[in-house]
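Engineer: In order, the protein sequences belong to chains W and P. The first sequence lines up with residues 1 to 349 when you count with our numbering. The second sequence lines up with residues 1001 to 1077 when you count with our numbering.
Quick caveat, the hints were computed from the structure, so don't treat them as lab data. Note that the Cβ used here is the ideal one computed from N, Cα and C, for glycine as well. Don't take each hint at face value.
As the list claims (entries may be wrong) - As a list, the in silico DSBU-like pairs of lysine-lysine whose alpha-carbon atoms are at most 30 Å apart: (1) W:241 to W:301; (2) P:1036 to W:241; (3) W:301 to W:285; (4) W:337 to W:301; (5) W:198 to W:301; (6) W:177 to W:198; (7) P:1036 to W:177; (8) W:198 to P:1036; (9) W:177 to W:241.
What the hints assert, rightly or not - Label pairs and their in silico Cβ distance ranges: (10) P:1057 to W:21: 31 to 37 Å; (11) W:262 to P:1012: 32 to 38 Å; (12) W:182 to P:1054: 49 to 55 Å.
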Amino acid sequence: MSRPLRIVHYVNQFFAGIGGEDQAHVGVSVREGPVGPGRALQQALGDAAEVVATLVCGDNFMSERQADALAEIGAALRRLAPDAVVAGPAFGSGRYGLACAHVCRVAREQGIPAVAAMHPENPGATSFRRDVVIVPTGESAASMQPALERVARLALRLGRPEELGPAELEGYLPQGKRRVHDRGRPGWQRALDMLRAKLHGRPFTTEVPYNAPEQVMPAPPIADLTRATIAMVTTGGLVRKGNPERQSAANAVRYHRHSVASLESLTPEDWEAYHAGYFNHIVNKNPNYILPLSFLRELEKAGRVGHVHEHIYALPGVSTPVAGARELGRAIAQDLKHAGVDGALLVAT
Amino acid sequence: MISAIYNFALTTGANRVVRGARIEHVCGDPSLGPEKDHAYGMRIVTTALDALATPVARPTLFDPLAPGPTREAVHAS
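Put together the whole structure using the sequences plus the hints.
Structural biologist: Structural data, given as structure tokens:
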């Protein structure tokens, strides 16, 4: 038999037995062997793996001095070189859940597989379940034992290392990824079974779960448009004529920012659309159809809006995975906010 | 967000959605001729600016083609 896998376990100050909220400020420490729930984790792992060390950090320290805490965690992981990292279970505790997700991300950046456990509504899960393998638990530590058993099973699979199957079979939160596996029966039979179940009002499980889009809190309205700075963003694939920046026509991994400070309008001599998802020729004759600079300049002159922001943002919004699109959107929004922009028009083709 | 496929924008959670003309020419319509095209584009953009100045609680459609000076906001159900 091969040597037991080396597992490093992350817990917060409470589960390490240091204390509750009054001790949430404590920094990162490394203990040898299992601590607290790590002992039950060790039992669940059996002979196949050994909890060689436990990383401990106070929840407040982790959230308030995250960069420092994660740097220490990263250094400890490099030194300990485990086969897999287990974080939590954090149950319904928000700061602890986020800490577990971050620890797993740090581990993964070093090529160490990691698994966390927490309640599906924990902010750590809602924010990071696409990036981190997360085992769902109940809201409280009452669900500790079953949670540890599932975590242990996944930690062993990941540490060997084995490729994980689909979330529904392996028992982790769906990550919005499709994984190839053999379901045993052809698709048409499974589809007919589902249809029959649906028509008879019986429960069935879809193989293509619907990922509800996240809800965004609406921004408050602009109080006075005549004093507002308005920016323009387009997913219509606007590029400088000839595409000198070599933007892709689909599945963009970056956006481009252009200055329009000296421009009254976008002319077809200087701009065009490069976008694989629609017929570009009409925009190529009048690029203002996807980025309405000419209109906004008129309204600026008429005093209807305060200022047109000096920069525009463009990318082709087609075939981009949601995770990538979210990052691009976040970066653009941050840039706009940093520049003091009050509102933005996003033209989507 | 100005989009011709505004239903998609609403169901995916955009909070202020303005109905654009068509996918190939969101802010205007060249088939109307230069003058009407310009007027239509201007109406779309001013509707978008009005949307930015309007409080919303959920994904809401602002329709530049709706009649009247105060355009009715339609909520996504």
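Engineer: If a hint holds in the structure, say so; if it does not, say that too.
Structural biologist: Evaluation of the provided hints:
1. W:241 to W:301: At roughly 27 Å apart (the allowed maximum being 30 Å), residue 301 of chain W and residue 241 of chain W satisfy the hint.
2. P:1036 to W:241: holds (27 Å)
3. W:301 to W:285: Holds: residue 301 of chain W and residue 285 of chain W sit about 24 Å apart, inside 30 Å.
4. W:337 to W:301: holds (24 Å)
5. W:198 to W:301: Violated - the C-alpha atoms of residue 301 of chain W and residue 198 of chain W are around 59 Å apart, more than 30 Å.
6. W:177 to W:198: holds (25 Å)
7. P:1036 to W:177: Measuring from Cα to Cα gives roughly 47 Å; hence the hint is violated.
8. W:198 to P:1036: At roughly 51 Å apart (the allowed maximum being 30 Å), residue 1036 of chain P and residue 198 of chain W break the hint.
9. W:177 to W:241: violated (37 Å)
10. P:1057 to W:21: 31 to 37 Å: holds (35 Å)
11. W:262 to P:1012: 32 to 38 Å: Once the Cβ atoms are compared, 35 Å apart, the range 32 to 38 Å for residue 1012 of chain P and residue 262 of chain W holds.
12. W:182 to P:1054: 49 to 55 Å: Between residue 182 of chain W and residue 1054 of chain P, where Cβ atoms are some 53 Å apart, the hint holds.
Hints 5, 7, 8 and 9 from the earlier list are contradicted by this structure; the remaining hints agree with it.
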